[in-house]
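K.L.:
Single-letter residue listing:
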Amino acid sequence: MKSAANAIRTHSLSRQLIGGVLLAELLCAALFSAVAIGHEMHGRRRAFDIMLRGRADSLLGAVRDAEDPEDNVIVDPTELVLPAQDVYEVLSPTGRVLGHSPASSAGLLAALSAPHAPGTFNFRAGRERYRAVRFDGVRVIDREVNGGLRRPVTVLYAAPTRDLWHGAVEAVWFYIAASALLLAVTGIALVWFLRRRLSPLQELAEIAGRVSTHSWEFVPPAAVLRTTELAPIALSMEELLKGLQLAFERQRQLTGDAAHELKTSIAVLKSSLQLLSMVPRTAPQYEAGLKGLLLDSERMEELVSRMLTLARLEEAPVEERESCELQSVVREVAERLRPLAELKQVVLQGSAGEERLVAMHIDDAELLCSNLMVNALQHSAPNGRVSVTVQALDGVTELRVADQGDGIPASALPHVFERFFRADRSRSRASGGAGLGLSICKAIVERSGGTIHIESAVGTGTEVTVNLPALQISAQN
Amino acid sequence: MRVLVVEDEVRLANNIAEALRERCGFAVDCAEDGTDGAALTEFKHYDLLLLDLMLPGLDGLSIVRQVRRRKDMTPILILTARDQPAQVVELLNAGADDYLTKPFDLGELLARAKALIRRGKGAPQPELTVGRITLNTVEQTVRCAGELIDLSPTEYRLLEYLFFRPRAIVSARELLEHLYDYNWQHHSNVIEAHISNLRKKLRAVGEETTIATLRGRGYRLEAPEQQL
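Those sequence lines, one after another, are chains A and B.
For the record, in the first sequence the residue sitting at position 342 is 342 according to the numbering used here, with numbers rising by one throughout.
For the record, in the second sequence the residue sitting at position 197 is 1197 according to the numbering used here, with numbers rising by one throughout.
No wet-lab data here; the hints were simulated from the structure.
Where hints are given, some of them may not hold.
Stated by the list, open to error - Using 27 angstroms as the maximum straight-line C-alpha spacing, the simulated BS3-like pairs for lysine-lysine come out as follows: (1) A/K270 with B/K1114; (2) A/K263 with B/K1071; (3) B/K1114 with B/K1071; (4) A/K263 with A/K291; (5) A/K344 with A/K291.
Owing to the predicted nature of the structure, the values given are computational and were not obtained by experimental measurement.
Throw the hints in and build the complete structure from the sequences for me.
P.N.:
Shown next as structure tokens:
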């Protein structure tokens, strides 16, 4: 058991279920959070862009005449209120820097003024991320004088996006926390619920685990029987185990019976020998003892051979080709038993009927007929009659052996086909029976797909009826 | 001593009975099935019951239970072809005293039978002593102060039975029941004749121990007070 458990990787159904559901929930929560953050970010980025543009526009407004001989313009941010961490630069069409944020480093400005298409773009400087806007504007200076002086400039304005991201996360934080809490609560509830719901499965496994060849008890708990999915499994297991237990106990009983018979036979032999050798005896005493011993060993031989016959009949399946003609077998066996019938002063009457083929090996057919006929003869009183008939009925061949003997008591009748059963022990012992004759008959008949039936009334006689499936003679040839 | 053998295997039963008669001098009755066996035990004639376990009619275990339910203390030896410990435990718990598994040794069976009878009569050893007389149940001999007394088998059996119950009154009927089997014709005057012979033989060796006759009640093995 242990090695098997080691070899096969086991996985728990409930753990898999809990894991699966929790994973699905986790994915849902993550997706929900991501969508929420994305949505929030999208809104915030648009607002950010508008803000950037606004600030850049106000910067454009700060472009003024430099009042120098070249008639240049400069950016005068003194009136502007711009956040200190923002970076800006205003370039002339020739690329000359007209002004920039005063606190910004050269590297940051270089990153800002790197060539970009007009519009918004992102860049990175050091560890800070920035979002920038670049547009080409025209600043009209001194509008009152000749309609003003048109000065085209390029405005670059950037602000760090750090707050943008933090703001978005902060905005959806509530949702993330709520879904995490929901996940935890449903997880715990799920574990509890599944444990509870799957407990019949565990109970079933536990009870099934307790079954062994020594303890066959298997009573499915009510909780299992109430579960639609488990009830059929439990019920079929119960039935299977009951059948197995019966078969197992029958087998054990048979082995025990066989051992009992053999040991008893040996006990007889051994005690006879020991009795004979206990004290010195006379020659006639030894002679009588040896005769008895010979009889004992012959009986034991008979017992062993019958047990082996029975084992063979039950082991090997019937072969397709095996068939014989029942009528001639009956005639032959009756002929062979004629001396016994005469000795017992019983009339052995065999019927003359048409030939019938049966699916049975000829040796088995002979054994069947002789067992039934010898039984009938041995239970017949002198001047009795044993009749054997073979009849063709609808699709079956019927063999009937009837005697007018003393019959079998009704209490013993149901057991006569059981192995080692003797209705009358002392007499069957005397006649050499081991209680296997009818068991052998039954095995032979059932092996050929037939049935055997016995009817008996004390004082009237016994009738054994064998029904065998008929074979077509023409089909065989 | 009288033994009942209940065994459906007639040859085996006959062998056991023969050995018990021949080697132990017991009277033996045989029954072939459990029902007959159980009926025979009701007479309480037996000093030992030898039962096969698997019997037609009534099995050995049921007979043991029946006997013990009657508060019958007769020793019981079971013969069984099956020797699963659980079964042995069940047997002994039901009141059986000993068991032997088939195929057994006939010598061992006889020794166990004798030991059980001895134990059943309260004697732990095979030698019984009353007065100066020592009776050896194994050798089936009787000695007076070491000197062998020659007894016939029946005389020995009679004396043995009385030795197991010293100073108790044993009726002629009880002696008949315990010393002869069913095949024997009961005549109580046979007992009287054997007792008379026993007395003569005991007196011949100068032994004071004797068998007293209590008219209408039975016999008693008597020894000088201080020697019992």
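K.L.:
The structure should be examined with respect to each hint, and the outcome stated for every one.
P.N.:
Hints and how they fare:
1. A/K270 with B/K1114: Answer holds: A/K270 to B/K1114 is near 20 angstroms, not above 27 angstroms.
2. A/K263 with B/K1071: Violated: A/K263 and B/K1071 sit about 33 angstroms apart, past 27 angstroms.
3. B/K1114 with B/K1071: holds, 22 angstroms
4. A/K263 with A/K291: Cα-Cα ~21 angstroms, so holds.
5. A/K344 with A/K291: holds, 23 angstroms
The structure shown violates just one earlier hint, number 2.
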